[in-house]
Every structure is written in C-alpha cells, then in structure tokens.
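K.L.:
As a plain string of letters, each chain reads:
Protein chains: 2
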Amino acid sequence: MFSKTVVENMAGGSWIRAMFELGNQLKAQYGTDKVYDFTLGNPDPEPPEAVLAQMEQLVRTPNIHKYMSNAGFEDVRGKIAAYMERESGVAFTAKEIIMVTGAAAGLSITLKALMNPGEEVIVLAPYFMEYNSYVGNQNGKVVPVKTLPDTFQPDIPAIEKAITANTKAIILNSPNNPSGAIYTEESLQALARVLDEAEKEFGHPVYVISDEPYVKIVYDGVKVPSVAKIFKNAITVNSFSKSLALPGERIGYIAVNPTIEDADTLVAAMVYCNRTLGFVNAPGLFQKVIADHLDEAAGLEAYKERRDLLYDILVDAGFSCMKPQGAFYLFAKCPMEDDSAFSQMAIKHNIILVGGSGFGYPGYFRLAYCVSYDTIRNSAQAFKDLYKEATGK
Amino acid sequence: MFSKTVVENMAGGSWIRAMFELGNQLKAQYGTDKVYDFTLGNPDPEPPEAVLAQMEQLVRTPNIHKYMSNAGFEDVRGKIAAYMERESGVAFTAKEIIMVTGAAAGLSITLKALMNPGEEVIVLAPYFMEYNSYVGNQNGKVVPVKTLPDTFQPDIPAIEKAITANTKAIILNSPNNPSGAIYTEESLQALARVLDEAEKEFGHPVYVISDEPYVKIVYDGVKVPSVAKIFKNAITVNSFSKSLALPGERIGYIAVNPTIEDADTLVAAMVYCNRTLGFVNAPGLFQKVIADHLDEAAGLEAYKERRDLLYDILVDAGFSCMKPQGAFYLFAKCPMEDDSAFSQMAIKHNIILVGGSGFGYPGYFRLAYCVSYDTIRNSAQAFKDLYKEATGK
Chain A
0 MFSKTVVENM
10 AGGSWIRAMF
20 ELGNQLKAQY
30 GTDKVYDFTL
40 GNPDPEPPEA
50 VLAQMEQLVR
60 TPNIHKYMSN
70 AGFEDVRGKI
80 AAYMERESGV
90 AFTAKEIIMV
100 TGAAAGLSIT
110 LKALMNPGEE
120 VIVLAPYFME
130 YNSYVGNQNG
140 KVVPVKTLPD
150 TFQPDIPAIE
160 KAITANTKAI
170 ILNSPNNPSG
180 AIYTEESLQA
190 LARVLDEAEK
200 EFGHPVYVIS
210 DEPYVKIVYD
220 GVKVPSVAKI
230 FKNAITVNSF
240 SKSLALPGER
250 IGYIAVNPTI
260 EDADTLVAAM
270 VYCNRTLGFV
280 NAPGLFQKVI
290 ADHLDEAAGL
300 EAYKERRDLL
310 YDILVDAGFS
320 CMKPQGAFYL
330 FAKCPMEDDS
340 AFSQMAIKHN
350 IILVGGSGFG
360 YPGYFRLAYC
370 VSYDTIRNSA
380 QAFKDLYKEA
390 TGK
Chain B
0 MFSKTVVENM
10 AGGSWIRAMF
20 ELGNQLKAQY
30 GTDKVYDFTL
40 GNPDPEPPEA
50 VLAQMEQLVR
60 TPNIHKYMSN
70 AGFEDVRGKI
80 AAYMERESGV
90 AFTAKEIIMV
100 TGAAAGLSIT
110 LKALMNPGEE
120 VIVLAPYFME
130 YNSYVGNQNG
140 KVVPVKTLPD
150 TFQPDIPAIE
160 KAITANTKAI
170 ILNSPNNPSG
180 AIYTEESLQA
190 LARVLDEAEK
200 EFGHPVYVIS
210 DEPYVKIVYD
220 GVKVPSVAKI
230 FKNAITVNSF
240 SKSLALPGER
250 IGYIAVNPTI
260 EDADTLVAAM
270 VYCNRTLGFV
280 NAPGLFQKVI
290 ADHLDEAAGL
300 EAYKERRDLL
310 YDILVDAGFS
320 CMKPQGAFYL
330 FAKCPMEDDS
340 AFSQMAIKHN
350 IILVGGSGFG
360 YPGYFRLAYC
370 VSYDTIRNSA
380 QAFKDLYKEA
390 TGK
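Keeping their order, the protein sequence lines are chains A and B.
For the first sequence, the positions run 0 to 392 when numbering that gives the first Met the number 0 is used.
For the second sequence, the positions run 0 to 392 when numbering that gives the first Met the number 0 is used.
It is worth saying that the hints were derived from the structure and are not from the lab.
Just so you know, nobody snuck in bad clues.
Any copy will do: because identical chains look the same in the list, a pair fits if it lies in one copy or spans two.
Below 27 Å or equal to it, Euclidean Cα-Cα: the simulated DSSO-like pairs (lysine-lysine) are:
1. K231 x K3
2. K215 x K322
3. K287 x K26
4. K65 x K33
5. K160 x K199
6. K26 x K94
7. K215 x K65
8. K199 x K3
9. K65 x K303
10. K65 x K26
11. K3 x K94
12. K231 x K215
13. K287 x K65
All figures in this text were calculated on a predicted structure; none of them were measured in a lab.
Next comes chain A alone, as it looks inside the complex:
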C-alpha cells in the first residue's frame, strides 16, 4: 500500500540507529554507568557559551524568523564565502554559497542537482552508509572503493579503475567517519590528476563532493588539505553539527567552486532543489547564529583526551588500530572475521559498537568516543574481557 522501495529499504534500516536503540535498552536494564555505548556520533558538549549567548541576543532581531531568499541570508553567505576564500585561496563570493538544513540536506540537494538516473557516484569505504540513500533517491548507483588498510588513505589505482563514462561524482569525507583518517595532500593531488585524466577521456567533469562536517575536529596539529583548493570541480558541503555542537538544529552550507564550468547554473539548480525537495531554506535564526563562529571547534580538547585514553585502552587490551587524526571515531581491526558476530559478543560485555560492515568495510569496528571520559575509563576491563573471548587468548 505504501512505497515499495521505502518499505523494502527500511527493513535494512540504519545499523547505527539500531545499535543506539539497543544501547538505550541495556542502560535501562543495567544502569547508565554500566553500559559502554559507543554507537552514535552525537557530540556530547553543549554549544560554546558565545554561541548560546548569540542565540539569545538574536531572538528579537526584526525579520530573522521570516522567509528569506531560498539560498539564505546574503550577509551570512558573504561571511562564509570570506571564510572559504581564507581556507582555500579560491575566490568565493556570496553567490556560490547556499545555506542548507545540515550536511545531509546539502548532500541530498547536491546529488539531485547533479545526477541523472543510472549515473554513478564513487564513495571511499569505510563510509557513512546514508550516502547510499542520498544517491538512491536519484536512482543513481553507489560505487564503493576501499581505502588502503591500516592508513585508510584513498587507493588511487583502485579509484582510477572504478571510474567509467557514467561516473558523475566522487564523495570525499575527510576527516573520515568512521576511520578518523585525514586524506593527505599527496593522496588528494594524485586523485586530482586521475580526475583530470578522466575528464579528458570521457569529455565531462567528475565532481568532487567534499562532505566536511569534521573539518574542525582535528588533533596533533595536522592540517586538513583544502579540497576546494585542490580540485577545480569541488563542491564543499559543511555543517555546524560537530564544530558548534548543534546537530539537532540542522544548519550547514554548500560552497560551489567558482572554477566549475557553468557554476551559476549549478548554484541555481541547487537553490531550486533546496525549494522543491521541501527544505525551502535553512533555519533563519541558526543561519545568523553560526555566521560569527566559523572557526570554532566545540569540545576539541576533551575529544583529544578521550581519543588518547580509548586508543591506549584498546592497544592495551590487544586490539590493533590506527590512532585517529580527526573526527571522534576510532576504527579498530576486529579480532574475529565476522564483525557482526563480534558486535553481538561485545553486547555481552555491555559494550555497544558498530561493525565495519555497517560502513562497507567488514572486519573492523567503529567506536564513537563523543561520550564521557568516565565511560571510556570504566570500559577498560570490558574491552580486555571482550578481546580474550574473541581471540581465546
């Protein structure tokens, strides 16, 4: 009676959300401090004080709650253009910026504006599986290409092999969810050369959609290379869910490189899709709220402490994993072949995690460490016990 596609697809559901619901059940059963729930990337700090103060202060600004242009407030777009230019050296102006209802909206809008049915989008595994839905909504095809084991850097020859005449775009997500890797300047430059070659061979661009919600969540002074600078056909999608701890408010933007051929038409198509997909415009108050906080990184110090602690606990327990360079996820090697069986085993130790199969990269598991320091510290023995049970050692 309802949409066949939706009813079929929702049976697959979201692994992350399913584990999150299970975590809540266990907490009700055993008590919150006895359950080590590493499932959901829900930033645990409150937004920075300056951001909260600005919300209060902006509430009574005349016209702030009314309809504005579908692309968003002009002054906010101007500030983001200036920020993007500062970060990339590319001459962005307000007209290349579209305010959107979070990065998920930005990706949906971008893919609808770009894609024709049957076209392909390359994603680099491990990856956020929601990309499958956004591409599927346009009757497109996701082509996953695995990143290199251990470093999770792009596998350039594998990407080159995956590109066809039907390739419309590649989605990059660095700092990466779930691996915590930051793609290096060298990797990205090599990818740019491959895409230039493909453009010559197939006669049309391969767009680079850079999903960057974690760009401010970076450790050890590592610099995230600017995708907008490296790729002439870059479309940057960003949100303030992580950097300002505002995930429930749905605020972000799209920045279309002015170096894209017919960039004006693409922007107009995106604004049209923003309207006709039913987003209409990004929430007015939060557009204004974020405009003066583009460089902040809420809770960065706390995330770093937790990363260090969790990494040490895992290594100490016997697990093998890369130390994350950014975001707030740790992607460790599963000591059993079947990561789904492993996540079930973890539940017995009151650890809730998401298997790598949930990110198109079996044999690993993800821990979201945007949880309290105490939760991580208290989980040490459970991880030791889990490792012993899984390996028999």
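Add chain B to chain A, keeping to what the hints say.
P.N.:
Just chain B now, with coordinates in the frame of chain A:
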C-alpha cells in the same frame, strides 16, 4: 552536465518567486511606499511575544541542540497528539506524530513514504504549484481537478470522475491558498463518501493529505472542519510558519490517523524518509518552542482588517471576488481573459500580483494581503486605474 530534469524544470521556475524578485526591483526604482507588492505569503508580524520569550528561555536547556530521535522530541509529540485529539476527537498518541522541517518537508516525506512511480495524486485547483514538484520527485502524476467557480468548494462529481485505480492520494488545503476558501463540512463529508466507494471499487485506500498551515488564520467565527475526523485515511501536515509567524525557521509536524490500516508501518516509513531525504530531524529548539503555543494565531486581527479593506477596495474598483474566509490571500476574477497579460498590466500601476495560471486556475489573480495596512490603503487608486485600463470602462 547537471540533472536534465532539474535544469528543464527550473526554467519554468516559481511564478511567485519571480514576481517577488520583480517587486524588489520596482521598490528600488520607485521607493517602497510607491509599490504595492502582493506576491509573497510571508507573514509580516513578528512572532508573538510569548514565543520570543520562550525561545530566549529555552536556549540553555541541556541537550536541546543535540540529535534526538528522527521523529522528534517525545514530549513535544505528546503535546501535539493531545492537541490533535482535542481538535478531531480522534485518539492520537505521540507515536502517530512526526516532527518535520515545515509543511513542505511534511508533504515531501508523506509522498515519498506513500508513492510508487506512476501513481496519481489529485489536487484541487486553484492550488500551490509546489505540489507538482513534491509529486514529481516521486515520479508520480498530479491530477488537478478544478473547484467550483465563485465558492472554490470541491467539485465532488469531478473528483469522482478523476479517481482511477492509480489514485494514491488527494491533497486538501483548507483554508486554501490562493482562494481563501474553507471547505465546508458538507463538501468534505460528500468527498469522504466518494473515497469510501473508490476504496471498495479499487481495493486500496485513497489517502487524504491535509495541508493545513492556515488552519488558525480564519475569520468571522467560521470553524474549519477537522479533516482527521472526517476521513479515516487522513494524514495531517501542519506548520507554524503562519500561526506563529515563523516561516524561516521551518518547523511543523505530520499526524497520521491511527485509523489508517498499518499506520505503524506508515509512520516508520515516514521517519525513515525524514532521515534518508536528508532532513534528519526538525530543528530541536523550535520543536520545543512551538509545543506550548499550538492554539495561537499571530496577527489574526490585523489580517482581518486588511482583508476587509482590500476586499472593499477591489469591489469599489469594479472587481468581482469572494470574501476570503481564511488564510491571507484574496483570489479575484481577472477582468481580462489572459491573467498573465493582466499581471503585466498591473506592473505599470506598480501593483505586483500573481496570475491564476500560477495556481492552475486561469482567469483569476491572487493578492497576498500579509502586507501593511497602509500599502493596501494607498493602492486604492492604482486598482481603480488598473480596472479601467483592463476593461476600457
């Protein structure tokens, strides 16, 4: 290079937005007080004082800006369920309520959850043309059926004739944009009988999607009949854009009648679509803001004064029109056959309006009277001159 469908469709664009842009140009040229811009349904009052005060007060509520369930905050959904039960007598509970990013999002999500490619949705003209996009996104077909001239009430025999085995739903919008009509209890009961017959004949329900953003903007003590009460297969979509003057903040809800067969599956499908279309969840702060203001109608008195004034001015100038019963639009008969030529003629008199063709109902024109009382008063002579030029009288 981009989506062919999008690039083609956006060439058609939005009549309303196009006239809105033109209005801004004229204002820059002649001065704001010399241009009578009746194009956009952008509520001109600020939100009620109590709503603004609540925003300020809620800003520092712990966890209010974080991810919540994709369906929205449980307490807010409970309050809306109680409100819906009070209005309809139907036993709604929180689990039938989904918080969404405005009514446009609610319609997009509803149609995606319901429709299979090629299925049909009946809309009653005059109607908000954006419905074409929302249905088109699902590769569905819009079947417009004209309401009766003069009263703009549903033409029941015509609807009966338009229903086929492929009819998935009918969209109702009462109080209506653009006509200002409120569909009567009698009309709706007759429609319910027709839909019951169709369900028997075709073996599946025809869902009633009730788009109700104007349900609180009602004049002269007229009561809006409850669609959720009259139709067992009702899906109510509402927003606070008009009732609380918050259109830029994108906050609304879907209420699925518990009397729908497999209502639980439909709700789950909608929550899934909320996530996978990229909405994720309705903005957290505004979910909490609206929860205690479900019965307010911002600016109602002022709208009524403006309706009365504009109606008198039009009739005095010679135009023929129905006095609107709700919403803030007046839909008058065009004194020339070609409403597009008429809207061009109006521009010469500094009047910006939208022709009925922009609502699938040629030969009429719409005036949005959510503009200042002075703008309306000052437009009197211009309407007289326009009528004279159009009729030669």
